[in-house]
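Respectively, the protein sequence lines represent chains A and B. Residues in the first sequence are numbered consecutively from 1, following our numbering. Residues in the second sequence are numbered consecutively from 1, following our numbering.
Since the hints were made in silico from the structure, they are not lab data. Take the hints with a grain of salt, since some may be wrong.
Stated by the list, open to error - Keeping only pairs whose Cα atoms sit at most 30 Å apart, straight-line, the calculated BS3-like set for lysine-lysine is:
1) A:K333 to B:K169
2) A:K371 to B:K89
3) B:K18 to B:K3
4) B:K206 to A:K248
5) A:K147 to B:K110
6) B:K110 to A:K371
7) B:K169 to A:K248
8) B:K233 to A:K248
9) B:K89 to B:K18
10) B:K233 to A:K333
11) A:K248 to A:K200
12) B:K18 to A:K43
13) B:K110 to A:K333
14) A:K333 to B:K140
15) B:K90 to B:K3
16) B:K110 to A:K143
17) A:K371 to B:K90
As the list claims (entries may be wrong) - Here's a subset of chain B near chain A, in silico, CB distances under 10 Å, partners left out:
18) I122
19) I124
20) I134
21) L155
22) A162
23) S192
24) D194
25) I202
26) Q225
27) L232
28) L235
Cβ coordinates follow ideal geometry from the N, Cα and C atoms, glycine included.
Residue strings, one per chain:
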Amino acid sequence: MYRILIADDEAEMANTIRFALLAEGYAVDVVHDGESAFNAIAKPAGVKYSLLITDVQMPKLTGLGLLRQLRQLENDTPVIVMTGFGDKQMVVDLMRIGCDDYIDKPFSIKEMVAMVARVFENENSVDQKREKEKNDQEREIQKYRAKFDEISHQITTAEDAFNQIMTVDTSDLPLDLIYRYRPFAGLGGDLICVGTLPDKSEIAILIADVAGHDIGASYHAVFVRSMFEEHCRLGGEITSFFHVLNEKLIHVGSEKMVTAQLVHINTKTNVLTLGNAGHWPMIRVNPLGEPSLVSLDGDVLGIRSDASFSQLEIPVSHKEKFYLCTDGFVELKRVDPTTGHSVMLSPSGVLHLLANYPSLPLEEQIEAIWKNALSFSNYRMYDDILLIGFQTWGANHV
Amino acid sequence: MYKLNADEKELTIQLASKFTLIDRVVEDTIAMMVDGESYETTPINQVIRELLLNAVEHGNDNAIEKMITFSIVVLSPGRYRISVLDEGKKLRPKNLIVDLQIAADSPRKKGMIIVNNFCDDISINPETFAIEAIITLPQKMDWGISKESDRYTLLPSRDISATALTPLKRILREWLNSSVPLCELNLARVESIDSITLSLLISFSKEIVPGRSLIITNVNSELMQLFNVTQLKRLFTITGAEDE
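Based on the sequences and whatever the hints tell you, model everything.
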């Protein structure tokens, strides 16, 4: 039921209107000054009025002042003002500050009742319009929310899938292999793959880095992994693998550079074969604990069809350690707080870290290097980072 | 409560622990202390916001009557020391390192990651226990393009990454379509280049015909290592900063 407040210091007039509106089925209250009307309407916990009918001239606060104060409070209760006949400027002022309608005195009760009905009618259509807009907005928000949830779910699924791909089961390998990986943003372009070649005595280890660290980079990483699995199934030279991979990556398009190193380790002949495609050098630590870089030329993959690659055979002895890492790790950097210049970890920095822990078991050594490198960069990353260490004929094959 | 004192080198603001005042600190700081024409303002915006959010929410436990003192000092053009002190529990340097480690491992500590990634250094002042962050703002990318009849020269004003590649693609394409024989990419003001940019350069190398060349000059030693590893030297003439 609509509840109406009448504010008029002329009690007789107020009551006449009141009885007419009561007869129409409205609930009606009456006050006799502007201040009481303001308190009745603006009080947060008070009665909620659907309409205010106010006189202009009243004690304590005029009808104009009352309306102005209500609108300043952003109170949008509809208001009908009873004005003196012919006061045009007053009407203009009332409309400007948000009066819904006005009625010139003297007026008939019929006119007032009709005006009240009209205001509620308008109000209902405005309310309905607002309600519709609100519903439309809510529907739109729900649509976006559903879309956002769907995308979030897809990203989480993609991240989980990528994490699975980056999880290597090292339990059955005839060598010790430890790695640490952290993507820059959930998904990444770094890749580690380990497999057995057709001659079961040969193990293949691939490290690859696709340019960028977004979902596109992950897509390429998954593609490189599938090519690696094919290589493990068919076998063959490392350089041949790189040539095929290069051709396929160019065919896929997008011109994202990929760098990689592939290692074959033959446990019968004790020979490690290393192939390089524009990747940072592998590090070798001999049984005396002396680290050195194994540099090898090779172009990056995925851009030029005339790329060339090379491979190198290295006779290995028992318990030699090797380390592979991506550029995100080598290029971890710290900023000198005094000068603002940055210093990169660099391959020589990695050698230095390794030299600090010559006698630690491989797992502890990798953990120590990983933590030290992150501490060096104040735990700040600029790219995906991946560090792999493996030891020939380690604990599993003593 | 919001009280501000400023001179050319330093701005200090005392504010009540209200989230709504954080925007005002960011706006006042950028307007009064940062040359937005020359430097990117997003990093400082984010760092101030995260430090103050942390002070309101965790330091002062959202208690509006507790105060925060924020100050920023210009160390050199584009380089600032930001200090935030709240009335909460005193921070310890050791805790900060632990926080950074945890942040690096936890996707929930995004605020700390943002501050750490944008700043050169974060520390706790041993006397005041304020958290202090030193930040160097990246210069706005200016490719420093000059075109003469015999050469195009590009002198980029800062590190080149994927986000700033479109103009580089455009100018290299324009050079390829012209008859100008030489294009020089002068890296005197560049410390690092990301792999997406390297991909772009290698890709363009395919289109350079005999008689024309793209030369890369003033390369620092770390970038030179990267160019060696990725065999860029096979594709372009590259000279180091020390060769100039």
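Hints, verified against the model:
1. A:K333 to B:K169: This hinted pair holds, its Cα atoms lying about 28 Å apart.
2. A:K371 to B:K89: Cα-Cα ~29 Å, so holds.
3. B:K18 to B:K3: This hinted pair holds, its Cα atoms lying about 13 Å apart.
4. B:K206 to A:K248: Holds, at about 18 Å.
5. A:K147 to B:K110: Between K147 of chain A and K110 of chain B the Cα gap is close to 23 Å, so the pair holds against 30 Å.
6. B:K110 to A:K371: This hinted pair holds, its Cα atoms lying about 20 Å apart.
7. B:K169 to A:K248: holds, 25 Å
8. B:K233 to A:K248: holds, 24 Å
9. B:K89 to B:K18: Given that 30 Å is the threshold and the Cα spacing comes to 18 Å, the pair holds.
10. B:K233 to A:K333: holds, 24 Å
11. A:K248 to A:K200: holds, 27 Å
12. B:K18 to A:K43: holds, 27 Å
13. B:K110 to A:K333: holds, 20 Å
14. A:K333 to B:K140: holds, 22 Å
15. B:K90 to B:K3: holds, 23 Å
16. B:K110 to A:K143: Measuring from Cα to Cα gives roughly 27 Å; hence the hint holds.
17. A:K371 to B:K90: holds, 27 Å
18. I122: Because about 8 Å separates I122 of chain B from the closest Cβ in chain A, which is inside the 10 Å limit, the hint holds.
19. I124: violated, 13 Å
20. I134: holds, 5 Å
21. L155: L155 of chain B check fails; min Cβ-Cβ to chain A is 19 Å, beyond 10 Å.
22. A162: Where the cut-off is 10 Å and the nearest Cβ of chain A is about 7 Å from A162 of chain B, the hint holds.
23. S192: Where the cut-off is 10 Å and the nearest Cβ of chain A is about 7 Å from S192 of chain B, the hint holds.
24. D194: holds, 8 Å
25. I202: holds, 5 Å
26. Q225: holds, 7 Å
27. L232: Holds - the Cβ of L232 of chain B comes within 10 Å of chain A, reaching about 9 Å at its closest.
28. L235: holds, 8 Å
Violated hints for the displayed structure, listed by number in ascending order: 19 and 21.
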